[in-house]
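Engineer: Listed here are the chains, written in short residue letters.
2 protein chains.
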Amino acid sequence: MQAYDALAATFTRIGAIQDAAGILGWDMQTLMPDGAAEGRAEQLAQLSVVAHEILVAPRTGDLLGQAQDETKDLGEWERANLREMRRAYLHASAVPADLVAASSKAASRSEMVWREARQNADFALLAPHLAETLRLQREVGQAKGAALGLDPYDALLDGYDPGMRRAAIDPLFAALRAELPGLIATVQEKQAAEAAPLPLPGPFPVEAQKALGLTLMKAVGFDFARGRLDVSLHPFCGGATDDVRITTRYDAASATGALMGVLHETGHALYEQGRPARWHHQPVGSARGMSLHESQSLLVEMQACRSPEFCAYLAPQLAATFGGEGAAWTAENLHRLYTRVAPGFIRVDADEVTYPAHILLRYALESAMVAGDLAVADLPGAFNEGMRDLLGLSVPNDRLGCLQDIHWPGGSFGYFPTYTLGAMAAAQLFRAACAAEPGILPGLAQGDFTQLRTWLRDHVHAKASLLETDEILLAATGKPLGAEDFGRHLRRRYLGEA
Amino acid sequence: MQAYDALAATFTRIGAIQDAAGILGWDMQTLMPDGAAEGRAEQLAQLSVVAHEILVAPRTGDLLGQAQDETKDLGEWERANLREMRRAYLHASAVPADLVAASSKAASRSEMVWREARQNADFALLAPHLAETLRLQREVGQAKGAALGLDPYDALLDGYDPGMRRAAIDPLFAALRAELPGLIATVQEKQAAEAAPLPLPGPFPVEAQKALGLTLMKAVGFDFARGRLDVSLHPFCGGATDDVRITTRYDAASATGALMGVLHETGHALYEQGRPARWHHQPVGSARGMSLHESQSLLVEMQACRSPEFCAYLAPQLAATFGGEGAAWTAENLHRLYTRVAPGFIRVDADEVTYPAHILLRYALESAMVAGDLAVADLPGAFNEGMRDLLGLSVPNDRLGCLQDIHWPGGSFGYFPTYTLGAMAAAQLFRAACAAEPGILPGLAQGDFTQLRTWLRDHVHAKASLLETDEILLAATGKPLGAEDFGRHLRRRYLGEA
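So the protein lines, in turn, are chains A and B. Numbered according to our numbering, the first sequence terminates at residue 498, and the numbering increases by one at each position without gaps. Numbered according to our numbering, the second sequence terminates at residue 1498, and the numbering increases by one at each position without gaps.
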């Protein structure tokens, strides 16, 4: 196992460098003084190049070849580790160094221009930079695709969600697309016929919000000996191995906006904190992919914490925290506030039912862009047409349209579908968990996440990247990723179906 | 200049990695959750090894050789940069990789054992580990000495303070040693004959201390767009290029303990923030060495901020901050509090007059240990004897004696003298600054540091490592580093001599 051991040492180094970058990235979003931005960008770029150079060094390829002969001496985890090492090596070595540099620079530039373009709803400003970023990402996709035997979009997707393919996504999204517009209309009709939920009367002092958030993080199972909660403009889960740092932002006018963000990121954090310590810094010890990662955040936020059971626990906590009294503070009203459905322009503000429509649109558009079937110049028109089709909305300007997301200007093509694949996986896993452990829902009604957390740890977190996503879902739920449980969940929660 | 440019790119990478480590080290001392300690140690170790490997790669040596032929095309700064690159390369490549690893591991281990040994005043527990650390540091000193043409102690010293030698230190410290015991006795007699200063009545709320600290940092000239103030157990100045982070710790029972720490670290920070941006990440852009660095902190804290002029400014600020009234809050009383002299066991708590005695002792002991003339087993006896000789104190246990400092267990031999060399340089620079700019002292009486800061920036900070320490002092003060101005300062401040 000489070659395998040498590879493990190499990946320990790469993992440590990536962890270092994780903490520096967190710091950049939370505490870093403005004047440090240029230096920090240099640090992150150099760390990224160093890690890349270690990974694609000829020695790594040689060792991977030699390790092939050692396979019979390796255990199950080591074999999976070798598979994941090879995947990482193929992804990294497929792209020539000058293309790595060019695509990374173009993405940085178009992301920077995007900030101004979005502010001013000025798509023309962004267009040439986005076109260049897309051109280079298509080249990256072609290079990776050639090495991996995939078409360019699948090759890009595989970088975010190993093993995921358009051939798997298309039928799932087709099922959703068939059902969604009708479902949204029906839910809206139903909600329009009922009395509107009562808004919670504020203000909601930030210190009190924070204290409640920390209490709930603890209840869900966040390990504060290996993580932190802080504030940033855009909430995220980042940091490093055994140092998982989530963020939120507080709005004194919103009782639960920050709180729901905290619970969402806590779901991500549980996954990170639940990865097996034995395999830290090895590829097999990583989270499986973005779909499964998103499933963990959505399972905690959407499946568990917006359930009627948890609302019964949360409502009195909220009332006590903010000194609330009366009809607005009941569990029933809280649940109705949490399940309000209304099509809107902005993806990140969307409710659980309309959110997938935003993803269906973006998936279709980015697939077409990567395939060369949609030019950047035609993006605003296609985007706005999709919004009309899917959500019945007329986009008034590109700030509320195709300029709203950072992903494309930042060079991320193939990421969007993981949000809705995650929502599907969350519904499927939560249903299986509740069926296997009947105490989960009664537990949530007491603010007790122990059984849910244990089930997730055993069936998802502790598996890390030992198995592929579909194998994890199959072992945990008896079937590969499907759209049915998500559809059933929506109809049940929003239409009251059994 | 092909070779030079390639070297510059190499050192940019090394500098960025060191900056990354600087932020990670800061985070470790301020915010990191306990459970992340092991992972962080791994990150820092890997970054250190990566930077070391880049530096000692055969390519660096080759390029340094080739760049020799390009010298005529280089400007003054580039030539100095090449000199500093070569110094860094010689230091790093002199020590075989296995000795680097062994000495680093031994130091980590003995530092860990030291925490327990100090706690329990148990020197026997530390002794074998300290002996091993010393043995390996002597080997490092021999290896570096062979490469640099220096004796082992000078070679270690050169790592902290480039160009500094025992031959330069010995006469300076001999002069101090001749004067110090008599001076301490005379000052104590004088102070005993006067009325004792009045203690400031507390408590002193931490938030108010912090606000005043921030105000004074700003007055001294700290640039908050490129730095921060935070809290840690042991105050320090760290962080990265354009991201200088200082820390303090607050004690609600002390009005100015945290504040003086803040001013000390602000002196360090001004140096870091004043290094020329053009040479960031290049060796020539670094601070010159630990003596000059310490001179900048002591110049701000001891020379400027404990001057009668600044006390006249600070006293009413303190009174206003803490709502103080009466005789304790006058500038005169504050100055007397700040200049109280009393020999004590603990170096870091020592006043300005007795502090050098602690350093004289440590310098003598570590010189002897590195030379092989003092065995670790004999350290406590030698330490305690020195404390009797120099300060007239009988050390009751090793916690208050040779176990108090982290330096030796942590593998730092050759660092201690820089504290007192810094005090000498501070006195010499401050005297020259005040002579050149008669507005400096009147400025301090108004809380205005502009003239002092400008002078320091021009004469010290902006020079970075263009010149050697003595050349910087010669250009700034008309003479190389000497002991006279420090002696004169002490006699003036503590005995009232002109």
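Since the hints were made in silico from the structure, they are not lab data. Each hint should be verified, as a subset may be incorrect.
Here are some chain A residues pointing at chain B (derived, C-beta under 7 Å) [what the hints assert, rightly or not]:
# : residue
1 : T10
2 : R13
3 : L24
4 : E42
5 : S48
6 : A240
Covered by chain B, according to a simulated footprint, are these stretches of chain A (three or more residues, beta-carbon under 8 Å) [stated by the list, open to error]:
# : segment
7 : 26-36
8 : 120-129
9 : 241-255
Here are a few chain A residues that face chain B, going by a calculated C-beta distance under 7 Å [said to hold, decoys possible]:
#  : residue
10 : Q18
11 : A20
12 : G22
13 : A51
14 : H52
15 : L55
16 : A57
17 : V113
18 : E116
The C-beta atom is built at its ideal place from N, Cα and C for all residues, glycine as well.
Engineer: Against the earlier hints, flag every one the structure doesn't satisfy and list their numbers going up.
Structural biologist: Violated: hints 1, 5, 8, 10, 12, 13, 14, 15, 16, 17 and 18.
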